[in-house]
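Read off the chains here:
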Amino acid sequence: MEVDKGKGEAEETRKVAEADRDTVTLKSSDGKLFEVSKEAAARLSTVLAGMIAGGSIDDNGTDLKQIGSEALENVVDYCNKHANSIPSAALISSSISFNTAPFKEPEEWERKFVDRLSHDALFDLVEAANFLGMERLLDVTCHKISEMMKGKSPDQIREVFNIKNDYTKEELEEIRQELAWAFYDD
Amino acid sequence: MIPGTNPEKENQQTHSNRIDSIPHRRHHPLPPPPLMGAGEDRISGLPDELLHGIFLRLGSVRDAVRAGVVSRRWRHVLGRPLPELVFEQDLHDHEPPPRPPRLEPFLDSVDAALAACDAPVVKRLRIYWMWCGPLSMAAASRLPTGRVEPWLRFASERVVDFLDLHVHPPGLRGVNGEGGVIDLPLCEWVKGISVGFGTGWRIRPPSAGLFQALTELTIRDGCMDGSELTALVCTQCPGLKKLHLCLRLVDAFDISIRSDSLQSLWFGVQKTRRLEIVAPELEKLSVILAIDEVQITAPKLEELVWPKFDPSCHGFDDVGRHLRMLEPGRKSGSLMQQFDEVDDLRLTISIPQVCLQ
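For the record, the sequence lines run as chains L and H. First residue of the first sequence? That's 1 in the UniProt record's numbering, and the numbers climb one at a time after it. First residue of the second sequence? That's 1 in the UniProt record's numbering, and the numbers climb one at a time after it.
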């Protein structure tokens, strides 16, 4: 029901809303501004949560000099999508640390979110997630990278990730003898 | 158009959080799938911890080991030497404790340690709990199958060399019908498996797939289906060299051990009706229990232990005439007639007490 308010009263409401904004503004290394849900940012990023709690968020754009605009855009997209999706119980409890199984499987939308990224964008996003302390986004992106390795021989993995084989001939022969099966292609 | 795949709608949603004053910057119109890098090695720029986390997420011994071969740093991150996880509590040799030993705290500590384990590849997993005290004390130590399943899953995903699971709560010793069904997972790259959970437990091998690297298999104190046992040994373990079977069949059944790789066999399978062994490389054989009918083809046989040999129903199709070691039982002396020459003959002689007086 529409309530008739006086002009002054409406002005007051607007001011309060501004002071208690539900978004924060983040600035990428190349100076672009992005707005993200405060609740989602605090929930998904330990670094942003600390900044929000400590009052070190700048209304004109908090500088994140280590993160380029494309990666930051993906971070912000991820946070806002997360804010809009119904968070499942599995995502809320993040007491399990990054390097301890069992891992939470990415949800369908998270899978799609990382699947559309280019190779470089994916790694930019991993680095951004790591910098911002975003456990869940790290989980999702690292899961994606691990999928890129699955079922591949060492040569195929090197090709996918452009990794230089830095073993000496002797070392390689030693490993080949120890783990002959690891070298076969599927 | 398939609902939910409208690229324009996707784009709008993606850009809805953009502040209006910022000039519109386009996404990659159609980003290339991240199958190949553009030329730069991005993954090596990640800190060790993340690389380690990626290896863990592979959830496969094979993939983790292959990843570990990629470069020196990856090998280092994977962990050298590979860790071994050993959990042991052997109450067998001790005096019976004043209170029944409790299995629960042991299981809890194993589970906690496995949950905290952050090694993508583990060389060996050994979980060993043994207590053979009075059955009256058994109530305190039940082992539900639900406690064993996560160990087996862990093994199939991470263990590369040896899996050794023996948990014998006293209550499950010799009590038929107790225990549960254990589905042995396919551990493709494990070299040795040794399992035992008490006589009431049924061990069920995977219905398909090969234990490609398996050379040693021990199944102790469980029961198995006869056809599943035959299939496991004859077709699912192509490289098996050493087999130790001390178990019972679910129903009386004919067992066939046909293996081109088998070198050593210890056969103690209760309820075997007929045993057929065709093993061209077999060197050591122990047939422990009385079996109605046995036929053996093992041309390279060198050591034989067969306490219940019965010439009327047990025979050799192809076995050499010379043995390095022979150990017949007290009543199976006729086994010696099968061979011309034995280097080391081990006889058990029974002297009735009456003769000594």
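Just so you know, the hints here were simulated from the structure itself, not pulled from any lab data. Some clues are possibly wrong.
[As the list claims (entries may be wrong)] Distance condition first, Cα-Cα at most 25 Å in a straight line; then the derived DSS-like pairs of lysine-lysine:
#1 H/LYS271 <-> H/LYS331
#2 H/LYS191 <-> L/LYS150
#3 L/LYS152 <-> H/LYS242
#4 H/LYS123 <-> H/LYS242
#5 L/LYS150 <-> H/LYS308
#6 H/LYS191 <-> H/LYS271
#7 H/LYS308 <-> H/LYS271
#8 L/LYS150 <-> L/LYS104
#9 H/LYS242 <-> H/LYS271
#10 H/LYS191 <-> H/LYS284
#11 H/LYS271 <-> L/LYS152
#12 L/LYS65 <-> L/LYS27
[Claimed, not checked] Which bits of chain L does chain H cover? Going by a derived footprint, with three or more residues having C-beta under 8 Å, they are:
#13 25-31
#14 41-52
#15 120-130
[Said to hold, decoys possible] Over the 10 Å line for every Cβ pair with chain H, so calculated as not near, a few chain L residues:
#16 LYS38
#17 GLY55
#18 ASP58
#19 ASP63
#20 LYS65
#21 GLN66
#22 GLU107
#23 SER146
#24 GLU173
#25 GLN177
This one's a predicted model, so the numbers in the text were calculated from it and none came from an experiment. Every residue gets a Cβ at the ideal spot worked out from N, C-alpha and C, and that includes glycine.
**Prompt:** Against which earlier hints does the structure fall short, listed by number upward?
**Reply:** Violated hints (numbers, rising): 3, 5, 6, 11, 13, 14 and 23; every other hint is consistent with the structure.
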